[in-house]
Amino acid sequence: ETGVTQTPRHLVMGMTNKKSLKCEQHLGHNAMYWYKQSAKKPLELMFVYNFKEQTENNSVPSRFSPECPNSSHLFLHLHTLQPEDSALYLCASSQAKGAITHGYTFGSGTRLTVV
Amino acid sequence: KNQVEQSPQSLIILEGKNCTLQCNYTVSPFSNLRWYKQDTGRGPVSLTIMTFSENTKSNGRYTATLDADTKQSSLHITASQLSDSASYICVVSRQSNTGKLIFGQGTTLQVKP
Numbered sequence: 010e011t012g013v014t015q016t017p018r019h020l021v022m023g024m025t026n027k028k029s030l031k032c033e034q035h036l037g038h039n040a041m042y043w044y045k046q047s048a049k050k051p052l053e054l055m056f057v058y059n060f061k062e063q064t065e066n067n068s069v070p071s072r073f074s075p076e077c078p079n080s081s082h083l084f085l086h087l088h089t090l091q092p093e094d095s096a097l098y099l100c101a102s103s104q105a106k107g108a109i110t111h112g113y114t115f116g117s118g119t120r121l122t123v124v
Numbered sequence: 660k661n662q663v664e665q666s667p668q669s670l671i672i673l674e675g676k677n678c679t680l681q682c683n684y685t686v687s688p689f690s691n692l693r694w695y696k697q698d699t700g701r702g703p704v705s706l707t708i709m710t711f712s713e714n715t716k717s718n719g720r721y722t723a724t725l726d727a728d729t730k731q732s733s734l735h736i737t738a739s740q741l742s743d744s745a746s747y748i749c750v751v752s753r754q755s756n757t758g759k760l761i762f763g764q765g766t767t768l769q770v771k772p
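Which chain is which? The protein sequence lines are B and F, in order.
So the first sequence is numbered by the numbering used here: it starts at 10 and just counts up by one.
So the second sequence is numbered by the numbering used here: it starts at 660 and just counts up by one.
Because the hints were derived from the structure by calculation, they are not lab data.
Honestly, I wouldn't trust all of these hints.
To be verified - Cut-off 35 angstroms, straight-line C-alpha distance, at most; resulting in silico cross-link-like pairs (DSBU-like, lysine-lysine):
| hint | chain 1 | residue 1 | chain 2 | residue 2 |
| --- | --- | --- | --- | --- |
| 1 | B | LYS31 | F | LYS759 |
| 2 | F | LYS676 | B | LYS106 |
| 3 | F | LYS660 | B | LYS31 |
| 4 | F | LYS771 | B | LYS50 |
| 5 | B | LYS45 | F | LYS716 |
| 6 | F | LYS759 | B | LYS106 |
| 7 | F | LYS716 | B | LYS28 |
| 8 | F | LYS771 | F | LYS716 |
| 9 | B | LYS106 | F | LYS771 |
| 10 | B | LYS31 | B | LYS49 |
| 11 | B | LYS28 | F | LYS759 |
| 12 | F | LYS676 | B | LYS27 |
| 13 | F | LYS771 | B | LYS61 |
| 14 | B | LYS50 | F | LYS759 |
| 15 | F | LYS716 | B | LYS106 |
| 16 | B | LYS50 | F | LYS660 |
| 17 | F | LYS730 | B | LYS45 |
| 18 | F | LYS660 | B | LYS61 |
| 19 | F | LYS759 | B | LYS27 |
| 20 | B | LYS28 | F | LYS676 |
| 21 | B | LYS50 | F | LYS676 |
| 22 | F | LYS759 | F | LYS660 |
| 23 | B | LYS31 | F | LYS676 |
| 24 | F | LYS771 | B | LYS45 |
| 25 | F | LYS771 | B | LYS49 |
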């Protein structure tokens, strides 16, 4: 385990369902990130939270709604998704200052399939 | 445009053989470059980090090189093992307040017995 835990590991949902992805870190980091990883494509940054405040929304559709109640927890609420949203969703954490030097710690991801 | 390009896209080698993965980048201003290993169904894990002044860095059987002039990096794997089968992702950091990371699309390595 890396210290960043994501649940569930796998999720299959219909286009009309509402579900949530959860991420938890115990590394004392104060920045958390959501990334989308599709086959054969680079990781796409979705959202950035620093000290619980959203500092970046990378033009993500509103059917993805993040929530960061504290520096250790991050959620991604999903509703009315499309089949092309099927991907591996990765959570990462870092120090807000020093991310460049110390890098990110990634979770194992949630494999999402939209049917 | 800040980009990171990796080659080859995929690679198959026999156990025990060596291989080299390539990464070319156009990110500026450059801060550092990392190689990550991502096992199937797992998140990426950092192998090495290289700054502007470093040319070579090793981590066990993994050796990364960096040529900041030509903006190229390579990851050399020596005496490959079955457990080396994974995706290898090159990530370049820009100097910025937000710690912007630029990801390559990865090279998928398969080591066969």
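Against the structure, the hints:
1. B:LYS31 / F:LYS759: holds, 23 angstroms
2. F:LYS676 / B:LYS106: Not OK: LYS676 (chain F) and LYS106 (chain B) at ~40 angstroms, beyond 35 angstroms, violated.
3. F:LYS660 / B:LYS31: With a Cα-Cα distance of about 33 angstroms, the restraint between LYS660 (chain F) and LYS31 (chain B) holds, given a limit of 35 angstroms.
4. F:LYS771 / B:LYS50: holds, 24 angstroms
5. B:LYS45 / F:LYS716: At roughly 29 angstroms apart (the allowed maximum being 35 angstroms), LYS716 (chain F) and LYS45 (chain B) satisfy the hint.
6. F:LYS759 / B:LYS106: Answer holds: LYS759 (chain F) to LYS106 (chain B) is near 12 angstroms, not above 35 angstroms.
7. F:LYS716 / B:LYS28: violated, 43 angstroms
8. F:LYS771 / F:LYS716: holds, 26 angstroms
9. B:LYS106 / F:LYS771: violated, 42 angstroms
10. B:LYS31 / B:LYS49: Roughly 25 angstroms between the alpha carbons, so the hint for LYS31 (chain B) and LYS49 (chain B) holds.
11. B:LYS28 / F:LYS759: holds, 29 angstroms
12. F:LYS676 / B:LYS27: Between LYS676 (chain F) and LYS27 (chain B) the Cα gap is close to 48 angstroms, so the pair fails against 35 angstroms, i.e. violated.
13. F:LYS771 / B:LYS61: Given pair LYS771 (chain F), LYS61 (chain B) is violated - Cα atoms ~45 angstroms apart, limit 35 angstroms.
14. B:LYS50 / F:LYS759: The hint holds at about 18 angstroms.
15. F:LYS716 / B:LYS106: Satisfied, since the Cα-Cα distance of roughly 24 angstroms is no more than 35 angstroms.
16. B:LYS50 / F:LYS660: holds, 17 angstroms
17. F:LYS730 / B:LYS45: Holds, at about 26 angstroms.
18. F:LYS660 / B:LYS61: Roughly 30 angstroms between the alpha carbons, so the hint for LYS660 (chain F) and LYS61 (chain B) holds.
19. F:LYS759 / B:LYS27: holds, 31 angstroms
20. B:LYS28 / F:LYS676: violated, 45 angstroms
21. B:LYS50 / F:LYS676: holds, 27 angstroms
22. F:LYS759 / F:LYS660: Status holds; Cα separation ~13 angstroms.
23. B:LYS31 / F:LYS676: violated, 40 angstroms
24. F:LYS771 / B:LYS45: holds, 29 angstroms
25. F:LYS771 / B:LYS49: holds, 21 angstroms
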